[in-house]
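Participant: Going down the list, the sequences are from chains U and P.
So the first sequence is numbered by my numbering: it starts at 1 and just counts up by one.
So the second sequence is numbered by my numbering: it starts at 1 and just counts up by one.
I should point out that these hints are in silico values taken from the structure, not numbers from a laboratory.
Just so you know, not all the hints are guaranteed correct.
Unchecked claim - Some residues of chain U that are not near chain P, with every Cβ distance over 10 Å (derived): (1) Val-57; (2) Asn-73; (3) Glu-91; (4) Asp-95; (5) Asp-101; (6) Asp-174; (7) Asp-178; (8) Glu-233; (9) Leu-300; (10) Gly-306; (11) Met-313; (12) Lys-319; (13) Gly-352; (14) Lys-413.
Claimed, not checked - A few chain U residues facing chain P, derived, Cβ under 10 Å: (15) Leu-2; (16) Glu-6; (17) Phe-7; (18) Ser-9; (19) Thr-10; (20) Leu-14; (21) Arg-62; (22) His-65; (23) Val-254; (24) Val-257; (25) Ile-261; (26) Ala-325.
For every residue, glycine included, the Cβ atom is placed at its ideal position computed from N, Cα and C.
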Amino acid sequence: MLNEREFISTLDMLKYEHLDVRAVTLGINLADCSSHDLDVFKSNIRKKMTTLARDLVTVCNRVGHKYGIEVVNKRISISPIAVVAAAFSAEQMVDIARTLDDIAREVNVDFIGGFSALVEKGIANGDKALIQAIPEALATTQRLCSSVNVASTRAGINMDAVLLMAEAIKKAADLTRDSDGLACAKLCVFCNIPEDVPFMAGAYLGTGEADAVINVGVSGPGVVKKAIDRALEGENRPDLGRIAEIIKRTACKVTRVGELIGREVAENLGIPFGVVDLSLAPTPTVGDSVGEIFQSMGLLSIGVPGSTAALAMLNDAVKKGGAFASSYVGGLSGAFIPVSEDLNIEEATRKGYLNIEKLEALTSVCSVGLDMVAIPGNTSVDTLAGIIADEMAVGMINSKTTATRIIPVPGKKEGEKAHFGGLLGHASIIGVKNADGVNHFIRHGGRIPAPIHSLKN
Amino acid sequence: MKKVIITVIGPDRPGIIAGVSGVLFTHQCNIENITQTILQSEFAGICLVSMPPDLDNGVLRSAMDRELAGFNLQITIKDLDDDRQDHDKVPTEPFIVSTRGPDKQGIVSVISKAIADACVNISNLKAVFQGGENPDRNIMIFEIDIPVSVDFQNFSEELRRRASDIGLDLNIQHKNIFDAVNRI
Numbered sequence: 001m002l003n004e005r006e007f008i009s010t011l012d013m014l015k016y017e018h019l020d021v022r023a024v025t026l027g028i029n030l031a032d033c034s035s036h037d038l039d040v041f042k043s044n045i046r047k048k049m050t051t052l053a054r055d056l057v058t059v060c061n062r063v064g065h066k067y068g069i070e071v072v073n074k075r076i077s078i079s080p081i082a083v084v085a086a087a088f089s090a091e092q093m094v095d096i097a098r099t100l101d102d103i104a105r106e107v108n109v110d111f112i113g114g115f116s117a118l119v120e121k122g123i124a125n126g127d128k129a130l131i132q133a134i135p136e137a138l139a140t141t142q143r144l145c146s147s148v149n150v151a152s153t154r155a156g157i158n159m160d161a162v163l164l165m166a167e168a169i170k171k172a173a174d175l176t177r178d179s180d181g182l183a184c185a186k187l188c189v190f191c192n193i194p195e196d197v198p199f200m201a202g203a204y205l206g207t208g209e210a211d212a213v214i215n216v217g218v219s220g221p222g223v224v225k226k227a228i229d230r231a232l233e234g235e236n237r238p239d240l241g242r243i244a245e246i247i248k249r250t251a252c253k254v255t256r257v258g259e260l261i262g263r264e265v266a267e268n269l270g271i272p273f274g275v276v277d278l279s280l281a282p283t284p285t286v287g288d289s290v291g292e293i294f295q296s297m298g299l300l301s302i303g304v305p306g307s308t309a310a311l312a313m314l315n316d317a318v319k320k321g322g323a324f325a326s327s328y329v330g331g332l333s334g335a336f337i338p339v340s341e342d343l344n345i346e347e348a349t350r351k352g353y354l355n356i357e358k359l360e361a362l363t364s365v366c367s368v369g370l371d372m373v374a375i376p377g378n379t380s381v382d383t384l385a386g387i388i389a390d391e392m393a394v395g396m397i398n399s400k401t402t403a404t405r406i407i408p409v410p411g412k413k414e415g416e417k418a419h420f421g422g423l424l425g426h427a428s429i430i431g432v433k434n435a436d437g438v439n440h441f442i443r444h445g446g447r448i449p450a451p452i453h454s455l456k457n
Numbered sequence: 001m002k003k004v005i006i007t008v009i010g011p012d013r014p015g016i017i018a019g020v021s022g023v024l025f026t027h028q029c030n031i032e033n034i035t036q037t038i039l040q041s042e043f044a045g046i047c048l049v050s051m052p053p054d055l056d057n058g059v060l061r062s063a064m065d066r067e068l069a070g071f072n073l074q075i076t077i078k079d080l081d082d083d084r085q086d087h088d089k090v091p092t093e094p095f096i097v098s099t100r101g102p103d104k105q106g107i108v109s110v111i112s113k114a115i116a117d118a119c120v121n122i123s124n125l126k127a128v129f130q131g132g133e134n135p136d137r138n139i140m141i142f143e144i145d146i147p148v149s150v151d152f153q154n155f156s157e158e159l160r161r162r163a164s165d166i167g168l169d170l171n172i173q174h175k176n177i178f179d180a181v182n183r184i
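Kindly produce the complete structure, drawing on both the sequences and the hints.
Facilitator: Listed below in structure tokens is the structure:
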């Protein structure tokens, strides 16, 4: 029998510490929908996706209600469109994007992820068409997310693709200049992209996955912060080993909730359960922040010296707790540091504690990368490509996932504000060195070779 | 063997369980299940006992009264109605209802009435009333078994409505989420 303290601490996590199931994402393989005829392809994907996802939202709401925990977002991830729609041109890819947006509305999901390509080693015809289509596809849809993997530890960095993505980001920003470049908030450039991420904008269904699968993303930065606060108040000077232990235990509890909900949703839908992704994913709400955890751990702000060490410990403890709680932990599983989506991190950039260089350093130990970073609108394609290449190098050498989700905000300068709305929040635009300059290193093109796996130091 | 339920209530002090179980042992009775609790200084115990068919409840009771004289206990012994147990078994799902709110008279009554009105059984109830207006110091936790035939949506809405009428914040959740978080 559970004791009173266990009941109350669980209730507090759910009710007052912002523990929620951030996303239940239904992965759908679209390989069997392929056709050379665009109308046939569109009809095939609509039929398959609406059939499989018809009850997704209802079931998520019912299960959430039963356990008293909200499933905040219901989403779909699909096979990379560059692969399953490889036969089509860029214009036709835009048409497919609009169809996907329409399907998202029909089944009432927040986002569909998978307008994606994997080009770390080379660019096929379908990949080229998709990358060309990205700016217009994202500017003319609301619920579609796109990701392109341009690097991996095994393949190196495809610098031609990096440059193409920098151009796509600039164009997407320009096409949505009225909303501060919002299209770029739905676009991630990856190194070592996982095949089972339930979180947007990087979600897609890998080619090694089942025909349909339920992946769950659980969050809970508020729960971790409160657990640390309680330990600091109630214990006699806990050392960092003890604090890491508390984070680990808390992550374990949070992951167990995710698996419970995910398995029940999967069972109700008759679809196999895939993974739990335990990521500390903040929202622009006080008490639901990763940045606040740094302050609980004793730092003035995220960004000051000590931040990389703190984040390394936090990220590792979260992964350890998650891995203990479930045999099927996947996705990104760690701590996100999305600037605009976290009030505290946004404040750190505004106050000057956190600049793009320190953000890049942090991404060597966080779970993803430069996320929701607003930079000046006059940033050149070359400089943008340089930022992406740097971030890809961090991932490639360290055998980890890294990504960029950068928004060059049209018409705005360093220090001004960009507003994206909702969960995407707002951001102070941070400065970039040589923002509007050229970069001959990037313009060499080609592929940076894969790194050596011995002689590590 | 026949089965009886024995209840013991009285001021808590060392030796109550030892006294009761000693009498049962000397009369060849077997304790199948037992639970006890203490509220402030008052002890309450209930046990399920199997006893020889020729042993009279009154004889057992007298023996206990002699053994525990001076303990100032109220002891009852009644036959267990086995048939009723099976009759009452309907498939159920375990849920936890918790309330927070200012301490005032009648809150246990209002919530338990709402639960009873839906023919839902309370299997455990824990209340922590420390008084005052701080809701976090006044918490009730009901473990309930909801028959699968009960409409969960309507039931939970009705519970919330009645709780809100008396200023309580009420949550209802399937018990599995508490087990998942707290048990490995």
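Participant: Compare the structure with each hint and give your call.
Facilitator: Results of checking the hints against the structure:
With a least beta-carbon separation of about 16 Å from chain P, U/Val-57 lies farther than 10 Å from that chain, consistent with its non-interface assignment. Listed as outside the interface, U/Asn-73 is consistent with that label: its C-beta sits roughly 19 Å from the nearest C-beta of chain P, beyond the 10 Å cut-off. Distance check on U/Glu-91: its Cβ is at least 47 Å (rounded) from any Cβ of chain P, clearing the 10 Å threshold; non-interface status holds. With a least CB separation of 41 Å from chain P, U/Asp-95 remains clear of the 10 Å interface cut-off, as annotated.
Against chain P, the non-interface label of U/Asp-101 holds: every CB pair exceeds 10 Å, the least being about 32 Å. Distance to chain P confirms U/Asp-174 as a non-interface residue, since its nearest Cβ pair spans about 47 Å, more than 10 Å. Look at U/Asp-178: its CB is around 42 Å from the nearest CB on chain P, clear of 10 Å, so calling it non-interface holds up. Listed as outside the interface, U/Glu-233 is consistent with that label: its C-beta sits roughly 15 Å from the nearest C-beta of chain P, beyond the 10 Å cut-off.
Listed as outside the interface, U/Leu-300 is consistent with that label: its C-beta sits roughly 31 Å from the nearest C-beta of chain P, beyond the 10 Å cut-off. Chain P leaves U/Gly-306 outside its interface by the beta-carbon criterion, the shortest separation being 31 Å against a cut-off of 10 Å. Separation of U/Met-313 from chain P is adequate, the least Cβ-Cβ distance of about 23 Å exceeding the 10 Å criterion. No beta-carbon of chain P is positioned within 10 Å of the beta-carbon of U/Lys-319; the least distance is around 18 Å.
With a cut of 10 Å on Cβ distances, U/Gly-352 stays outside the contact zone with chain P, its closest approach being about 39 Å. With 10 Å as the threshold on Cβ separation, the claim that U/Lys-413 sits away from chain P holds: the shortest Cβ distance comes to roughly 47 Å. The closest approach between the C-beta of U/Leu-2 and any C-beta of chain P is roughly 6 Å, which is under the 10 Å cut-off, so the hint is satisfied. At about 4 Å, the closest approach between the beta carbon of U/Glu-6 and any beta carbon in chain P falls short of 10 Å, and the interface hint on this residue holds.
A hinted interface residue such as U/Phe-7 counts as satisfied when its beta carbon comes closer than 10 Å to some beta carbon of chain P; here the least separation is about 5 Å, so the hint holds. Hint status for U/Ser-9: holds, given a least beta-carbon distance of 8 Å to chain P, under 10 Å. With its C-beta approaching chain P no nearer than about 5 Å, U/Thr-10 sits inside the 10 Å limit, and its interface hint holds. For U/Leu-14, the interface hint holds, since its Cβ comes within 10 Å of a Cβ in chain P; the closest pair sits about 8 Å apart.
Annotation: U/Arg-62 was flagged as interfacial toward chain P, and the flag holds, the nearest CB pair being 9 Å apart, inside 10 Å. For U/His-65, the shortest C-beta to C-beta distance to chain P is roughly 7 Å, which falls under 10 Å, so the interface hint holds. Given the 10 Å rule on beta carbons, the hint for U/Val-254 holds: about 8 Å separates it from the nearest Cβ of chain P. Satisfaction of the interface hint for U/Val-257 is found here, the shortest Cβ-Cβ separation to chain P being roughly 6 Å, below the 10 Å cut-off.
With a least beta-carbon distance of about 8 Å to chain P, the hint placing U/Ile-261 at the interface is held under the 10 Å criterion. A hinted interface residue such as U/Ala-325 counts as satisfied when its beta carbon comes closer than 10 Å to some beta carbon of chain P; here the least separation is about 8 Å, so the hint holds.
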